[in-house]
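Based on the sequences and whatever the hints tell you, model everything.
There are 2 protein chains.
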Amino acid sequence: MTTASGHTSAILASRVKGTAVYNSAGDKIGHVEDVVLDKQSDHIMFAALGFGGVLGMGEKYYPVPWSVLDYSPDKGGYVVPMSKQTLEKAPAYSMDDLTKNDGSFGDIREKSYTYYNVKRDW
Amino acid sequence: MTTASGHTSAILASRVKGTAVYNSAGDKIGHVEDVVLDKQSDHIMFAALGFGGVLGMGEKYYPVPWSVLDYSPDKGGYVVPMSKQTLEKAPAYSMDDLTKNDGSFGDIREKSYTYYNVKRDW
Numbered sequence: 019m020t021t022a023s024g025h026t027s028a029i030l031a032s033r034v035k036g037t038a039v040y041n042s043a044g045d046k047i048g049h050v051e052d053v054v055l056d057k058q059s060d061h062i063m064f065a066a067l068g069f070g071g072v073l074g075m076g077e078k079y080y081p082v083p084w085s086v087l088d089y090s091p092d093k094g095g096y097v098v099p100m101s102k103q104t105l106e107k108a109p110a111y112s113m114d115d116l117t118k119n120d121g122s123f124g125d126i127r128e129k130s131y132t133y134y135n136v137k138r139d140w
Numbered sequence: 019m020t021t022a023s024g025h026t027s028a029i030l031a032s033r034v035k036g037t038a039v040y041n042s043a044g045d046k047i048g049h050v051e052d053v054v055l056d057k058q059s060d061h062i063m064f065a066a067l068g069f070g071g072v073l074g075m076g077e078k079y080y081p082v083p084w085s086v087l088d089y090s091p092d093k094g095g096y097v098v099p100m101s102k103q104t105l106e107k108a109p110a111y112s113m114d115d116l117t118k119n120d121g122s123f124g125d126i127r128e129k130s131y132t133y134y135n136v137k138r139d140w
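Chains as they are written, first to last, in the working numbering: chain A, 19 to 140; chain B, 19 to 140.
Worth flagging that the hints you see were computed from the coordinates, not collected in a lab. Errors might be hidden in some of the hints.
Copies of one chain are not kept apart here, so a pair can be met inside one copy or by any two copies together.
List time: in silico DMTMM-like cross-link candidates among lysine to aspartate or glutamate, alpha-carbon distance up to 25 Å [to be verified]: (1) LYS35 - GLU77; (2) LYS78 - ASP45; (3) LYS35 - ASP114; (4) LYS35 - ASP115; (5) LYS35 - ASP88; (6) LYS118 - ASP92; (7) LYS93 - ASP114; (8) LYS129 - GLU77; (9) LYS107 - ASP92; (10) LYS78 - ASP114; (11) LYS118 - ASP88; (12) LYS93 - ASP45; (13) LYS78 - ASP139.
If you want it as structure tokens, here you go:
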């Protein structure tokens, strides 16, 4: 994905955090718990989605490639264009695992981008 | 910049916000007010630094390419390897301007990356 000089997609990280997340059926499934940034590549690694109450996964968070989230002005939240079933089976980790940076991180990233079928050129 | 599979540079956006920022002389010059994300390119556009009290710029924020910030565990903050004078002359905008997405954004990004001499391949 490339940006035009006059693109229209800047957003403050602090505004993303806490934003509601919906599935393809339009059901609210959770929220953006935080955004994981990659200092080394300058890329947004992924959004960490919390489905807690909804999917009953407790403290597990779902790393979803940033590009998968579509903002819906109507809903005032992000839509992940997948079924509840697909999301329930998605890779999920504790927040510590998502950010512990012990070298296992590359694996988590790989699993996430593979599961959501997102091409990664970095 | 590319990432190795097992890199060690993941950081939560919420942990970046509010972190202290130092100049090359080791003086604390401000803090990270927020991180501006680029939805379209999946890149971290830049950190918006607030130098408020220090440089007396009031509500102006300094868009600094993410890669310019070096985290210093000793200081517990980010170092921008530039003099106070260089930073005082840097491009600065209101937070509204930094995120208003009216097409002028490409210009702000260009000015920032040019001023800090950061190559941008996106």
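Report task. Check LYS35 against ASP114 for me: Cα-Cα at most 25 Å, and say if that holds within a copy, between copies, both or neither. Result -> both (17 Å within a copy, 18 Å between copies)
Query raised in the report: Is it within, between, both or neither when you check LYS118 against ASP92 at 25 Å Cα-Cα?
Result: between (36 Å within a copy, 19 Å between copies)
Query raised in the report: Within a copy, between copies, both or neither: where do LYS78 and ASP139 come within 25 Å Cα-Cα?
Result: So LYS78 and ASP139 fail the 25 Å test inside a copy (27 Å) and across (35 Å) alike.
Query - LYS35 and ASP88: within-copy, between-copy, both or neither at 25 Å Cα - result: both (15 Å within a copy, 24 Å between copies)
Query raised in the report: Is the C-alpha distance from LYS107 to ASP92 at most 25 Å within one copy, between copies, in both cases, or in neither?
Result: Neither: 27 Å inside a copy, 41 Å across copies.
Query raised in the report: Using 25 Å as the alpha-carbon threshold, which applies to LYS78 and ASP45: within, between, both, or neither?
Result: within (20 Å within a copy, 40 Å between copies)
Report task. Measure nothing new, just compare the shortest in-copy and cross-copy C-alpha distances for LYS129 and GLU77 to 25 Å and report within, between, both or neither. Result -> This pair counts as within: shortest intra-copy Cα distance 19 Å, inter-copy 42 Å.
Query raised in the report: Checking LYS93 and ASP45: alpha-carbon separation at most 25 Å within a copy, between copies, both or neither?
Result: Within one copy only: 10 Å inside, 45 Å across.
Requested in this report: Using 25 Å as the alpha carbon limit, work out where LYS35 and GLU77 are close: within a copy, between copies, both or neither.
Outcome: This pair counts as both: shortest intra-copy Cα distance 16 Å, inter-copy 23 Å.
Query raised in the report: Between the shortest in-copy and the shortest cross-copy C-alpha distance, which are at most 25 Å for LYS93 and ASP114: within, between, both, or neither?
Result: Between copies, since 23 Å is at most 25 Å while 30 Å is not.
Query raised in the report: For the identical chains here, do LYS118 and ASP88 meet the 25 Å Cα criterion within one copy, between copies, both, or neither?
Result: between (27 Å within a copy, 19 Å between copies)
Query raised in the report: Between LYS78 and ASP114, at a C-alpha cutoff of 25 Å, which is it: within one copy, between copies, both, or neither?
Result: within (10 Å within a copy, 35 Å between copies)
Hint compliance for this structure: hints 9, 13 are not met, and every other hint is.
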